[in-house]
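S.K.: Sequence:
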Amino acid sequence: MEEKSRGELGSTAGGTGKWRYTARLSPAPSMAKAPQNAISPTREENFPEWYQQVVRASDLAENSEVRGCMVIKPWGYGLWELIQRQLDEWFKATGHKNAYFPLLIPVSYLEKEATHVEGFATECAVVTHHRLELKDGKMVPAGELTEPYVIRPTSETIIGAAFARWVQSYRDLPLLINQWANVMRWEMRPRLFLRTAEFLWQEGHTAHETAEEAMEETTRMHEVYERFLTDHLAVPVIAGEKTEAERFPGALNTFTVEAMVQDRKAIQAGTSHFLGQNFSKAAGIEFEGRESRREFAWTTSWGVSTRLIGTLLMAHSDDDGLVLPPRVAPTQVVILPVTPKPEHEGPVLEACERLAAELGQQRLHGDPVRVEIDRRDLGGGVKNWEWIKKGVPLRLEIGPRDLESGSVALARRDRGPKEKQFLPLAEVVSGIEATLQEIQDGLLARALAFREEHTVEIASMDEFRKFFTPAKADKPEIHGGFALVHWAGSAEDEEALQQELKVTVRCIPKDPALRGGPGTCVLTGKPAEGRVVFAKSY
RNA sequence: CGGGGUGUAGCGCAGGCUGGUAGCGCGCGUCGUUCGGGACGACGAGGUCGCAGGUUCGAAUCCUGUCACCCCGACCA
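If you count the first sequence from 1, position 321 lands on 366 in the working numbering, and the numbers rise without skipping.
Simulated from the structure, these hints should not be mistaken for laboratory data. It is possible that part of the hints are untrue.
With a cut-off of at most 25 Å between alpha-carbon atoms, the simulated DSS-like pairs for lysine-lysine come out as follows [stated by the list, open to error]: (1) K465 - K511; (2) K511 - K571; (3) K386 - K428; (4) K517 - K547; (5) K428 - K465; (6) K428 - K463; (7) K463 - K386; (8) K571 - K581.
What follows is a list of derived Cβ distance ranges for each label pair [claimed, not checked]: (9) V501 - G334: 45 to 51 Å; (10) L149 - A471: 54 to 60 Å; (11) P572 - R408: 51 to 57 Å; (12) E178 - L149: 17 to 23 Å; (13) A471 - E94: 40 to 46 Å; (14) V111 - E483: 39 to 45 Å; (15) V171 - E508: 43 to 49 Å; (16) W225 - E107: 19 to 25 Å.
Glycine residues also receive a C-beta, built at the ideal position from the N, C-alpha and C atoms.
Can you build the whole structure from these sequences, using the hints too?
M.R.: So this is what it looks like as structure tokens:
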């Protein structure tokens with residue numbers, strides 16, 4: 046509906062819902078009743094554009110002057126800090142320690158693991174000089190390095206080199222290290238949070254005495270990610286293993302958590318790799334074993350990135366902007382003072398302070414509730430919409446009438462923008478934890494229902510093609526979803542399907558209910574052990 | 001890297017074919033009127049029209065080059 050998207054341009058509907066710039070749209074009485082939303086275009090109209098508009102409207106981040114790189118603004122960084130804090134706590138709880146390794150990696154390090162180089166070579170930024178000189182008014186690189194460095198696209202090689210020094214004996218194992226860092230991958234098509242040239246992430250790297258222990262570690266961290274996405278980001282995921290075609294370069298097994306976002310595509314939200322002895326052989330991570338034999342360590346690596354923010358956004362947000370699950374909302378409750386007349390200001394603000402203090406005493410999962418009072422001298426409506434667009438879970442308003450009645454107006458981000466309840470103050474305070482948790486659970490339930498609605502079991506290639514072929518080739522609408530199919534195809538077969546339909550095997554699900562029993566491969570007709578998840582993906 | 005598109009005030013855009021030194025809406029500032037709501041009025045600030053060359057008396061407008069961004073594709077957390 047074109048009118049709807051135009052609606053934002055004027056955005057000056059009066060209290061009666063009249064549109065001001067009717068000249069352009071010609072008289073259309075029905076327009077007066079068109080629902081207003083803060084983001085244009087809507088998800089339905091143009092999903093990729095909607096995504097960018099939400100990033101902007103919510104003040105999470107902006108494109109920078111550096112190609113493919115973003116400026117993460119305080120609201121976005123606050124979100125990242127909360128993600129970091131929880132994961133970091135769990136990494137520590139599972140025995141890991143943080144460390145930091147160099148940003149620059151000698152090219153020769155990369156060459157050590159053949160598959161690994163192949164995987165990353167095309168997206169490396171290379172540092173070749175160490176000095177600038179002024180020539181004709183321009184600074185030009187001088188002092189060429191004898192060996193170029195790459196800016197880390199990931200740190201397996203340089204951490205491997207350190208591990209080789211640190212590990213002498215089986216007594217030095219397991220070695221459990223995590224690094225919070227930025228990495229750079231020269232992507233061809235950057236998109237804020239989803240695929241930027243520079244991004245923030247966490248990379249765990251561990252070395253173990255036996256394959257079994259390393260595999261246990263891989264699984265353990267895979268489960269940490271699954272739990273984090275589910276319980277904190279309220280994003281349901283399908284946990285499973287990647288097929289050979291989708292594996293991390295150099296890994297023996299790659300495990301993934303795959304989420305479905307609102308355009309029904311899949312997004313890989315976290316990965317955990319069992320690296321076998323590939324990297325320890327390449328880097329020389331050897332130790333003296335219990336039987337006095339030299340052995341190569343078994344290593345793992347695992348990571349999540351700022352892509353989690355993009356995932357979260359696409360999973361929950363609506364046509365009014367971002368919707369944040371309370372557990373990762375930098376501000377969980379915003380208090381908006383309503384001061385119709387200047388003389389209201391004193392008492393109202395005072396009441397807001399008291400309320401903020403009381404709410405700050407309440408806890409959600411052990412953390413004090415994060416409350417903010419928005420004292421800015423701005424129109425109430427404007428202020429309100431700003432917080433809606435930023436996705437704050439709860440908005441509380443206190444005005445003169447509330448002072449008299451001891452009430453508070455409460456509006457939830459998971460309900461309509463105009464819906465609000467007037468509740469007794471004490472009830473709001475004592476019920477805050479339950480309300481926040483209810484929103485958290487509601488978002489998860491809604492996302493799960495959405496995924497289930499768009500997940501189908503498919504038993505024939507006809508159906509399969511139909512499911513993944515948009516009705517209009519020129520303007521592909523939102524369609525498809527997750528297809529559960531029996532699969533026994535090869536990497537070549539996957540490649541062919543990717544060419545034809547732009548779909549890939551997202552994972553071999555570990556959940557027995559999704560995996561199912563033996564069957565017949567939808568493509569080759571060969572016996573298949575179970576089902577896999579096919580989808581288009583980010 | 002291939003195909004398409006766009007770069008004009010913070011944001012969204014008009015103007016460009018038919019060259020004469022910039023305009024609209026929102027936002028922003030001040031004042032006033034409003035006020036449980038994305039208000040209204042008055043006045044006002046803000047742009048070397050992505051950048052660099054060229055053609056011309058004169059370029060946002062024509063030509064060449066270049067950069068950036070967006071969409072589609074190949075690649076990827």
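S.K.: For every hint, state whether the structure bears it out.
M.R.: Hints and how they fare:
1. The straight-line distance between the Cα atoms of K465 and K511 is roughly 44 Å, outside the 25 Å bound, and the hint therefore fails.
2. Pair hint K511 plus K571 holds up; C-alpha atoms about 22 Å apart against a cutoff of 25 Å.
3. Among the hinted pairs, K386 with K428 is consistent with the structure: their alpha-carbon atoms are about 17 Å apart, no more than 25 Å.
4. About 15 Å separates the Cα atoms of K517 and K547, which keeps this hinted pair within 25 Å; it holds.
5. With a C-alpha separation of about 16 Å, the suggested pair K428 and K465 falls inside the 25 Å cut-off, and the hint holds.
6. With a C-alpha separation of about 14 Å, the suggested pair K428 and K463 falls inside the 25 Å cut-off, and the hint holds.
7. At most 25 Å may separate the alpha-carbon atoms for a hinted pair to count; K463 and K386 meet this at roughly 23 Å.
8. At most 25 Å may separate the alpha-carbon atoms for a hinted pair to count; K571 and K581 meet this at roughly 24 Å.
9. Judged by the Cβ atoms, the range 45 to 51 Å given for V501 and G334 holds: they are separated by roughly 50 Å.
10. The hint said 54 to 60 Å for the Cβ distance between L149 and A471, and at roughly 58 Å that hint holds.
11. One distance hint, 51 to 57 Å for the beta-carbon pair P572 and R408, holds here, with the actual separation near 53 Å.
12. Here the CB-CB span from E178 to L149 is close to 21 Å, well matched to the stated 17 to 23 Å.
13. Checked against the hint of 40 to 46 Å, the pair A471 and E94 passes, with Cβ atoms roughly 45 Å apart.
14. Taking 39 to 45 Å as the suggested C-beta distance range, the pair V111 and E483 conforms, at roughly 42 Å.
15. A hinted range of 43 to 49 Å holds for the C-beta pair V171 and E508, which are about 47 Å apart.
16. Between W225 and E107, the C-beta spacing of about 23 Å keeps the proposed range 19 to 25 Å intact.
Checked against the numbered hints given earlier, the structure breaks only hint 1 and satisfies all the rest.
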